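Trainee: Here the sequence shown is numbered in my numbering, starting from 1 and rising by one per residue.
In short, the hints are calculated from the structure, not lab data. The reader is advised that the hints may include incorrect statements.
Subject to a maximum C-alpha distance of 27 Å in a straight line, what follows is the list of computed DSSO-like cross-link-like pairs (lysine-lysine) [said to hold, decoys possible]:
1) Lys337 to Lys92
2) Lys108 to Lys3
3) Lys268 to Lys108
Listed next, with one range per pair, are the computed distances between beta-carbon atoms [stated by the list, open to error]:
4) Gln60 to Lys254: 47 to 57 Å
5) Gly211 to Asp57: 46 to 56 Å
6) Gln239 to Met277: 46 to 56 Å
7) Ser253 to Ser212: 42 to 52 Å
8) Asn89 to Asn261: 14 to 24 Å
9) Pro6 to Lys118: 38 to 48 Å
10) Pro161 to Ser21: 16 to 26 Å
11) Ser21 to Lys254: 17 to 27 Å
12) Gly229 to Asp41: 31 to 41 Å
13) Arg14 to Glu213: 18 to 28 Å
14) Asp67 to Ser190: 34 to 44 Å
Remember, it's a predicted structure, so these values are computed and weren't measured experimentally. Think of the CB as a built atom: it goes at the ideal place given N, C-alpha and C, for glycine as much as any other residue.
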Amino acid sequence: MKKNIPIGIIGAGRIGKLHISNILQNIPDFSIEIVADIAIDSLKKWAELHRIKKITDNPQDVFDNPDVKAVLICSSTDTHAEFIEKAANAGKDIFCEKPIDPDVKVIKNVLDTVEENKVKLQIGFNRRFDHNFKRVRNLVASGEIGDPHIVKITSRDPAPPPIDYIKVSGGLFNDMTIHDWDMARYLGGSQTGEVTEVYAMGGVLVDEKIGSEGNDIDTCAVVLRYENGGMAMIDNSRQAVYGYDQRVEVFGSKGVAIAENDRPNNVKFYNEKDISMDKIPYFFLERYMQSYTDEIVSFYECLREDKQPVVDGKDGLMAVVVAKAAMKSLCENRPVKITEIQFGF
């Protein structure tokens, strides 16, 4: 059984630094050997403060390092597929932020490379590790709610990202709803089977520039159908003025499991004028901080115990396939069967 595992990290932006901080604080047996980022000059003081052994502006240095046994890919989306393949060809296990790539064919080629090299690949769908959502999933898996009939997922951001980001993000379905496509599959699990059909509606209701300059939508409502005949409903908005709104519900033949928004505490204050309670978190890092730690701990345990990741390449592929079907549905204003998206597996 492996204990100390030397790793390399590519990308030291917000998410990369978050993973590095979590590793240093919580996983001492993950030894960070090297960090690669294009903004190396701005990282020198930060690297010294965190005692990072080596920094480089060349990702190839990570793949070529013989001491590195696993790679965390936290760079921009357009580099994910290339870096996964390079890491796999170097015989290194891989954790990669979502999505693998917006192109289904590219993902298939990447997964073939991973399989050929017999390395592990975990995709960064951190919400699977959220304490509330895991509890709902466990209730579904145990059969306590019976046959799942309806899954509801609400995911609304407190404010839209910059237009320049939206232009390169792949759009709402690939950037924001990508988590919800995965969550719909995760919550239903084997009880519902795979998603078979998608019907998506959307519009520009928050900021007209998202449509005119970003060529995207900022609000959507989507209905999914599962193999078992059950349904999932997803609603997204780029702007919920009251905070980061994250809720799920699974209704079944024997009961319902509901995960409301997390709050700093569950105290309600009553007086003669009103009833009040603390606001929900405003930022995704507030809401999901522990899940980001837990997903990396899970990745470490997979390597240490030589077992397969709980979120693998197929999960990464299927989220993008559903996103493709949703976009086709939106553009053609009709339900779209998943089989209309050529992906195979």
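Trainee: Each hint should be assessed against the structure and marked as holding or not.
Mentor: Checked hints:
1. Lys337 to Lys92: violated (36 Å)
2. Lys108 to Lys3: Judged against 27 Å, a Cα distance of about 32 Å means the pair is violated.
3. Lys268 to Lys108: Roughly 50 Å separates the two Cα atoms, so the pair is violated.
4. Gln60 to Lys254: 47 to 57 Å: At roughly 54 Å between Cβ atoms, Lys254 and Gln60 fall inside 47 to 57 Å, so the hint holds.
5. Gly211 to Asp57: 46 to 56 Å: With a Cβ separation near 37 Å, Gly211 and Asp57 fall outside 46 to 56 Å, so the hint is violated.
6. Gln239 to Met277: 46 to 56 Å: violated (22 Å)
7. Ser253 to Ser212: 42 to 52 Å: holds (46 Å)
8. Asn89 to Asn261: 14 to 24 Å: For Asn261 against Asn89, whose Cβ atoms are near 43 Å apart, the range 14 to 24 Å is violated.
9. Pro6 to Lys118: 38 to 48 Å: violated (19 Å)
10. Pro161 to Ser21: 16 to 26 Å: Hint holds: Cβ distance 23 Å, inside 16 to 26 Å.
11. Ser21 to Lys254: 17 to 27 Å: At roughly 42 Å between Cβ atoms, Lys254 and Ser21 fall outside 17 to 27 Å, so the hint is violated.
12. Gly229 to Asp41: 31 to 41 Å: Given about 57 Å between the Cβ atoms, the range is violated.
13. Arg14 to Glu213: 18 to 28 Å: holds (24 Å)
14. Asp67 to Ser190: 34 to 44 Å: Holds - the Cβ-Cβ distance for Asp67 and Ser190, about 40 Å, lies within 34 to 44 Å.
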